[in-house]
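Engineer: Mapping of the sequence shown onto the working numbering: position 346 corresponds to residue 1343, and the numbering continues sequentially without gaps.
Think of the hints as simulated: they come from the structure by calculation, not from any bench.
Check each hint, because a few of them may be wrong.
DSSO-like, lysine-lysine: derived pairs with alpha carbons at most 27 Å apart [what the hints assert, rightly or not]:
no.	residue 1	residue 2
1	Lys1302	Lys1341
2	Lys1308	Lys1333
3	Lys1096	Lys1115
4	Lys1224	Lys1041
5	Lys1041	Lys1220
6	Lys1096	Lys1041
7	Lys1023	Lys1041
8	Lys1333	Lys1307
9	Lys1176	Lys1134
10	Lys1176	Lys1096
11	Lys1023	Lys1001
Since we're looking at a predicted model, the values are computed, not measured.
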Amino acid sequence: MENKRHIDVLIIGAGPAGSVCGSLLKQAGVECLIVDQATFPRDKVCGGGLTVKAWRLLDMLLPGIQYNYRPITRMRCQFENDAVCEFQAEYPIRMTRRKDFDYSLLQYYLDHGGELMKGSFARFDQQADGQVLVTLKSGEQISCRYLVAADGSNSQIRQQIHGDSKLRAMFLEQFDEGKESDDVFVHFSNNYRPGVFYKFSSVGRDMYGYASVETNDDMPRHKAGFKQALTKFGVPVDRICGAYIQLDTVPHTADNVILIGDAGGFANKLTGEGLYDAFKTAANAKRAIVEGRSFSETNKEEFRKMEHQKKVYEFFFSPIGWRLLRWALRCPRIIKWLFDAKMKRETFRA
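Full structure from sequences and hints, please.
Structural biologist: Given below as structure tokens:
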């Protein structure tokens, strides 16, 4: 105990939420340390797409950030075997490789004086003096004024506070290296409702994915559904990888323990997009720490948005919502207007 380290802010997880939060704290002159068990660069199951609201917010938060991407504006959607709904989006989606993108964010943090330590979180304990004592699996202990959980959907900090999630989504992916298309394609079918099959054209490869709500640990069933979808679209089945995304957003319970990004369940309930909310909650965590305010207050817009998305999700996959979607996909102009309007409405709301 005598030799335990003290730090102002300890961040568990060096992914987008953790690295951006660390960079923002360094900009504000706050002492912080990021702990992660992975060796970077490391790959991760994720489409890697940054919508306009995400890349504009990132550019604003981290001035001069550089990363490799492909701009994609061609959008294609299809319901069952109906005609394909195709349109050009007003704003491009920046398609990245998460392995490289995440490393760019972490490197930005390190280049601006940030410190990274390799280690695995075991548990935390609130201390009588108001500090948080974190114990790593190595046995090493670190005390901190704030503990920020940015350790993803399988967050051990979230697990310690809130237990198991009641609702989560299963994401499966397969890559076609060396093949580059020029579109985002999303397919809707009753065979995988609630869920979708999709293809993203990324940097140096096409990525095929399958998302479905998971209430039981039924990986074999989801893999079978993904393989059927791949076969339907003439894609040879290769190595499939998967991950869970928590759909439950957990409440804020302690002012000195903050959950951001996927650790707090901040991902779009309908699309699975998590990067924008990772950046936004990272910025709101920094505000709470620097301004001495509650994360419930600085992040209230995100909490409210997550509750609204639950209702949108339930309606979208309801029988009437499903029928409306099928009808709308017969009208590309309507879909384009809705898509572009959403991007404009959320752009630059930092």
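Engineer: Next step is simple, just say for each hint if it's right about the structure.
Structural biologist: We went through each hint and held it up to the structure:
1. Lys1302 <-> Lys1341: holds (16 Å)
2. Lys1308 <-> Lys1333: Judged against 27 Å, a Cα distance of about 23 Å means the pair holds.
3. Lys1096 <-> Lys1115: holds (17 Å)
4. Lys1224 <-> Lys1041: With Cα atoms ~20 Å apart, Lys1224 and Lys1041 stay inside 27 Å; holds.
5. Lys1041 <-> Lys1220: holds (18 Å)
6. Lys1096 <-> Lys1041: Holds, at roughly 7 Å.
7. Lys1023 <-> Lys1041: holds (26 Å)
8. Lys1333 <-> Lys1307: Distance of about 23 Å is within 27 Å: holds.
9. Lys1176 <-> Lys1134: violated (41 Å)
10. Lys1176 <-> Lys1096: holds (18 Å)
11. Lys1023 <-> Lys1001: OK: Lys1023 and Lys1001 at ~23 Å, within 27 Å.
The structure shown violates just one earlier hint, number 9.
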